[in-house]
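First to last, the protein sequences are chains A and B.
Those letters in the first sequence? Residues 1 to 775, per my numbering, in order.
Those letters in the second sequence? Residues 1 to 171, per my numbering, in order.
Wrong hints could be hidden among the right ones.
Now the in silico label distances, taken between C-beta atoms and shown as ranges [said to hold, decoys possible]:
| id | chain 1 | residue 1 | chain 2 | residue 2 | range |
| --- | --- | --- | --- | --- | --- |
| 1 | B | Gly41 | A | Thr320 | 30 to 40 Å |
| 2 | B | Gln30 | A | Arg765 | 52 to 62 Å |
| 3 | B | Glu80 | A | Asn723 | 43 to 53 Å |
| 4 | A | Gln404 | B | Gly41 | 53 to 63 Å |
| 5 | B | Ser121 | A | Thr658 | 10 to 20 Å |
| 6 | B | Asp51 | A | Val710 | 32 to 42 Å |
| 7 | A | Gly659 | B | Asp51 | 54 to 64 Å |
| 8 | A | Gly659 | B | Ser121 | 43 to 53 Å |
| 9 | B | Glu66 | A | Glu312 | 38 to 48 Å |
| 10 | A | Ala633 | B | Asp51 | 46 to 56 Å |
| 11 | A | Asp716 | B | Ser121 | 21 to 31 Å |
| 12 | A | Leu775 | B | Asp14 | 45 to 55 Å |
Using 30 Å as the maximum straight-line C-alpha spacing, the simulated BS3-like pairs for lysine-lysine come out as follows [claimed, not checked]:
| id | chain 1 | residue 1 | chain 2 | residue 2 |
| --- | --- | --- | --- | --- |
| 13 | B | Lys9 | A | Lys111 |
| 14 | A | Lys307 | B | Lys3 |
| 15 | A | Lys216 | B | Lys149 |
| 16 | B | Lys145 | A | Lys224 |
| 17 | B | Lys68 | A | Lys224 |
| 18 | B | Lys9 | A | Lys266 |
| 19 | B | Lys145 | A | Lys705 |
| 20 | A | Lys449 | A | Lys278 |
| 21 | B | Lys9 | A | Lys224 |
| 22 | A | Lys412 | A | Lys462 |
| 23 | B | Lys142 | A | Lys224 |
| 24 | B | Lys3 | A | Lys308 |
| 25 | A | Lys216 | B | Lys87 |
| 26 | B | Lys149 | B | Lys87 |
| 27 | B | Lys149 | A | Lys224 |
| 28 | A | Lys258 | A | Lys216 |
| 29 | B | Lys3 | A | Lys267 |
| 30 | B | Lys145 | A | Lys216 |
| 31 | B | Lys3 | A | Lys216 |
These are calculated hints, taken from the structure and not from any lab test.
Just so you know, these numbers come straight off a predicted model, no measurement behind them.
Built from N, CA and C at the ideal position, the CB exists for glycine as well.
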Amino acid sequence: MNNTILTTKTETELAVDRQSSTVRKVSRREFFAITGATGAGLLLTANTTANTTDKPTNAATEIDAAHLNVFVSIAPSGEVKIVCHRMEMGQGILTSTPQIIADELGADWSKVTAVLGEANSAYGRQGTGGSASIRLHFDHTRRMGAVARTMLEQAAAQKWAVELTDVKAENHTVRNMITGEALGFGELAEAAAILPVPDKTNVSLKKTDDFSIIGKDVALQGVKDIVTAKAIYAHDIQLPGMLIASIERPPVVGGRVKSYDASEAKKVAGVVDVIRLKDRSYPVQVQPKSGVAVLATNTWAAQEGRKKLKVEWDLGANQTHNSDEYKKELKRKVSSPAKKIRSVGQVDSHKFNQRNTLEAVYTMPYHHHMSMETPSATALVKNGEADIWSGTQSPQWGKSLALQELGLDPEKDQAKVRFNTTLMGGAFGRKSKNDYTLEAVELSKATGKPVKVVWTREDDVKHGFYHSIAANYMKAELNDKNSCDYWVQRVAAPPIAWIFNNDSTYLENSDLSLGFADVPFAVQNMSFENQEVSTHVRTGWVRAVGNLNNQFALGSFVDELADKAGISTIEMWMNLLGEDRQFNPREQGFEGYTHYGQTVDKDNTDYVLEIARFKRVLNRVAEEANISQELPAGEGWGISVGYSFNSYVAAATKVRVTGSQVTPLEMHTAIDCGLVITPDRVRSQMEGAMIMGLSMTLESEITVKDGAIVQNNFYDYPSSRMNQVPPMFVHIIDSDYAPGGVGEPGLPPILPSITNAVFHAIGKRVRDLPVSQSL
Amino acid sequence: MIKMSLNGKQVELDVDSSMPLLYAIRDIAQLTGTKFGCGLGLCGACTVHLDGQAVRSCVTTAAAAEGKSITTVEGLSNDEQLHPVQKAWIANKVPQCGYCQSGQMMSAAALIASNTAPTDSEIDTAMQGNICRCGTYPRIKKAIKEAAKEARADSLTSASAYSEQESQVSS
Ligand code: FES
Ligand code: FES
Chain A
1 MNNTILTTKT
11 ETELAVDRQS
21 STVRKVSRRE
31 FFAITGATGA
41 GLLLTANTTA
51 NTTDKPTNAA
61 TEIDAAHLNV
71 FVSIAPSGEV
81 KIVCHRMEMG
91 QGILTSTPQI
101 IADELGADWS
111 KVTAVLGEAN
121 SAYGRQGTGG
131 SASIRLHFDH
141 TRRMGAVART
151 MLEQAAAQKW
161 AVELTDVKAE
171 NHTVRNMITG
181 EALGFGELAE
191 AAAILPVPDK
201 TNVSLKKTDD
211 FSIIGKDVAL
221 QGVKDIVTAK
231 AIYAHDIQLP
241 GMLIASIERP
251 PVVGGRVKSY
261 DASEAKKVAG
271 VVDVIRLKDR
281 SYPVQVQPKS
291 GVAVLATNTW
301 AAQEGRKKLK
311 VEWDLGANQT
321 HNSDEYKKEL
331 KRKVSSPAKK
341 IRSVGQVDSH
351 KFNQRNTLEA
361 VYTMPYHHHM
371 SMETPSATAL
381 VKNGEADIWS
391 GTQSPQWGKS
401 LALQELGLDP
411 EKDQAKVRFN
421 TTLMGGAFGR
431 KSKNDYTLEA
441 VELSKATGKP
451 VKVVWTREDD
461 VKHGFYHSIA
471 ANYMKAELND
481 KNSCDYWVQR
491 VAAPPIAWIF
501 NNDSTYLENS
511 DLSLGFADVP
521 FAVQNMSFEN
531 QEVSTHVRTG
541 WVRAVGNLNN
551 QFALGSFVDE
561 LADKAGISTI
571 EMWMNLLGED
581 RQFNPREQGF
591 EGYTHYGQTV
601 DKDNTDYVLE
611 IARFKRVLNR
621 VAEEANISQE
631 LPAGEGWGIS
641 VGYSFNSYVA
651 AATKVRVTGS
661 QVTPLEMHTA
671 IDCGLVITPD
681 RVRSQMEGAM
691 IMGLSMTLES
701 EITVKDGAIV
711 QNNFYDYPSS
721 RMNQVPPMFV
731 HIIDSDYAPG
741 GVGEPGLPPI
751 LPSITNAVFH
761 AIGKRVRDLP
771 VSQSL
Chain B
1 MIKMSLNGKQ
11 VELDVDSSMP
21 LLYAIRDIAQ
31 LTGTKFGCGL
41 GLCGACTVHL
51 DGQAVRSCVT
61 TAAAAEGKSI
71 TTVEGLSNDE
81 QLHPVQKAWI
91 ANKVPQCGYC
101 QSGQMMSAAA
111 LIASNTAPTD
121 SEIDTAMQGN
131 ICRCGTYPRI
141 KKAIKEAAKE
151 ARADSLTSAS
161 AYSEQESQVS
171 S
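For reference, chain A alone in the conformation it holds in the complex (with noise of 0.2 Å):
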């Protein structure tokens, strides 16, 4: 059997173990040792700080968050073992992290095991979104491997008794250069674990030429328990007296449980337990959204029990929410002058040239991230203690909710709650959200027993947190050198920051940096407004976020700009972006623009915008693609670019439409992401990305009615399929700027690139997603 379980006589705590495949407890001492320390190799506590503050390494700040701390470990027989703190959900991060490590540690990648890390704070930020782990973590993952290194190589001069300069680690062994003697890195580990660890600032980096990990295509870790089911998931957790959970829950944001019958639903074999879960109240932040659980013994017992169920709603004040309506609010909305966020030149008192102004409105619906493994966790809480496994972007913030939920205090209780961490089948921003971690660890609570919360399909479409419904406004005047003097943006949708304060009513700086006010145009006359707006679902973070209806709108525009003037879209663009340069989004009027909580000034101009690279990606992508081919009528290519999480991307796509029906032919992503880790993964995120927004633009849709989510599973939220997907091409560019995001960049410029090509197939534009909606 795959997945046994072993109960050892140590209570102290419980782990998973992906290596055999098992969960079972092990002590503190013993999770140490799955990592690979076993008794005499080295266990290093590698400090380096995250570069807002920089301190020194102590014990003491080793509970800070914001330090980064990663185990590196090196057993006696030369095996590596580095625990990857961030999580993995499919972005190939458990690959990633780890060969930065190993190649300033001049680690053999064949001789390097990846481990999830747990929840702890010591590894410093853990929350796994904003397509950050190497954007924001690079620098310091690398000192992790070239403390560990400096370490051996100290080991190794001591033995020699030879200077520190006159040793090098390459290739898993530490090498005298005087003699040519060398010994391996197992055979260092123990001298070299009993050495202070040094200073991460005073540790020598490679330089970029010299790396021989970073940027290569080694093996992925993990791919072999994946193809051999070894891999566990947050659904495969199995303990001994588990009840698996299953919750009806209020069908709309708001929503209380009035009254319930479960007589019927006790009746079904396997049903142990009906619970009511508490109501919570605004705001409703990451809270489950209470309900009426039903526990039994296997999954379909508790589904079968939850259909038996008889539950009556009072429904709450979010029952009126109709997304229909509501679109063409935003619409209105949208159509008249709004809060300014960002002012270049004299707009408003312009008289706009009919004959020459293009005005138009685009709008997205919500959407689902729709991952192929629905939520689920496990919980064990006993004796006011738990041990919690979930699949989560965010291990660090659950943790510290579920303390809270337990009543224990958040900085001394922390070694009372233990958060394991699972792979992710897929995550795209909902897992970034723990209230179905939560569900299990108040339903543990409730029952004392092992409760593992599984949601269906059904479950995960309905109570999701969904990218925002959003109305974007577009207006400008051409001049006579092709390109625009005057221009006008606005933007309606619901804030995500309302889940976390239901008084919020704008969109925040954060989300209108996110390709909206930040938009790098030579135009000497802008206004970028934002319009209010009231919020009736739970919004949240969808892979790109605002990026997603921003650039679909700016990347539409743009072509149609083109069109009217005459020129081709490509040309356009240039014509906008205008001369190669800087764009400081703050020096061009709009103060609030904020790089994901980076600040941007003249000490780190890592988030201005650079025009070449805009230039670089939609040149490339148009050669690539051979965009100006002649092609059969019916048939056409789309391109758009946009810039997000300090990477820049372009799309191409061609598309066959007949009648009503788009058949996508061929699609092509240029990327510049800076220096590239993981070649490889990137390729992987964008042809990923290529897929999703292939359904996300042509076909899928969360719509509203009487506030509740209308869609129920893959027949009516359609994701991309085999059948449906054309021949794909990725395009890196060499570039050596500081890394930027993957997983999410790849994304936006997808859905203009097909709304465009389906333009220049057949004259008809689509401002209004989804395509199969619209023609």
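Given chain A's structure and the hints, the job is docking chain B with the ligands onto it.
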């Protein structure tokens, strides 16, 4: 009690006969390689072989497996000798999150067992019931062709060993 051969072993599972095979496999037999994705036969994450045929275990009752031979991803190979599909999956770095891949591989293995030279459209037809939200289709297609080639070229591969085992078990 439902009796079946599960990965070559005779098992008796104490389940309600209407329980989907998926949950009998995952919760009762505790083989968690077979995944839940939709519960309606729409996504293929739960694909297993029933007497060598790819079926969606979420819409197949446990009773329908009575006396039959079921192979799950755990039975696709043993550790020493991977199935050609598994080898091709590793070589082409197919998985992203990996969650859909056991279902993808089971569909692919069933295809190759009956057709060692599938065309693009035959692959599309056999695989369109398997959704991969991460978007690994181009690699799956390439890997299937490679695996088929291996199955074709070498009659002693585990693919043929696997189908022999299948026919033995079901006979
Ligand atoms: S879970 Fe069976 S087809 Fe989706
Ligand atoms: S690899 Fe993630 S769903 Fe297929």
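Right, here's what the structure says about each hint:
| no. | hint | result |
| --- | --- | --- |
| 1 | B:Gly41 to A:Thr320: 30 to 40 Å | 36 Å, holds |
| 2 | B:Gln30 to A:Arg765: 52 to 62 Å | 55 Å, holds |
| 3 | B:Glu80 to A:Asn723: 43 to 53 Å | 35 Å, violated |
| 4 | A:Gln404 to B:Gly41: 53 to 63 Å | 40 Å, violated |
| 5 | B:Ser121 to A:Thr658: 10 to 20 Å | 18 Å, holds |
| 6 | B:Asp51 to A:Val710: 32 to 42 Å | 39 Å, holds |
| 7 | A:Gly659 to B:Asp51: 54 to 64 Å | 42 Å, violated |
| 8 | A:Gly659 to B:Ser121: 43 to 53 Å | 22 Å, violated |
| 9 | B:Glu66 to A:Glu312: 38 to 48 Å | 41 Å, holds |
| 10 | A:Ala633 to B:Asp51: 46 to 56 Å | 49 Å, holds |
| 11 | A:Asp716 to B:Ser121: 21 to 31 Å | 27 Å, holds |
| 12 | A:Leu775 to B:Asp14: 45 to 55 Å | 53 Å, holds |
| 13 | B:Lys9 to A:Lys111 | 36 Å, violated |
| 14 | A:Lys307 to B:Lys3 | 28 Å, holds |
| 15 | A:Lys216 to B:Lys149 | 28 Å, holds |
| 16 | B:Lys145 to A:Lys224 | 20 Å, holds |
| 17 | B:Lys68 to A:Lys224 | 29 Å, holds |
| 18 | B:Lys9 to A:Lys266 | 34 Å, violated |
| 19 | B:Lys145 to A:Lys705 | 45 Å, violated |
| 20 | A:Lys449 to A:Lys278 | 18 Å, holds |
| 21 | B:Lys9 to A:Lys224 | 24 Å, holds |
| 22 | A:Lys412 to A:Lys462 | 37 Å, violated |
| 23 | B:Lys142 to A:Lys224 | 18 Å, holds |
| 24 | B:Lys3 to A:Lys308 | 29 Å, holds |
| 25 | A:Lys216 to B:Lys87 | 21 Å, holds |
| 26 | B:Lys149 to B:Lys87 | 12 Å, holds |
| 27 | B:Lys149 to A:Lys224 | 21 Å, holds |
| 28 | A:Lys258 to A:Lys216 | 58 Å, violated |
| 29 | B:Lys3 to A:Lys267 | 26 Å, holds |
| 30 | B:Lys145 to A:Lys216 | 25 Å, holds |
| 31 | B:Lys3 to A:Lys216 | 50 Å, violated |
Hints 3, 4, 7, 8, 13, 18, 19, 22, 28 and 31 from the list above are not met by this structure, while the remaining hints are.
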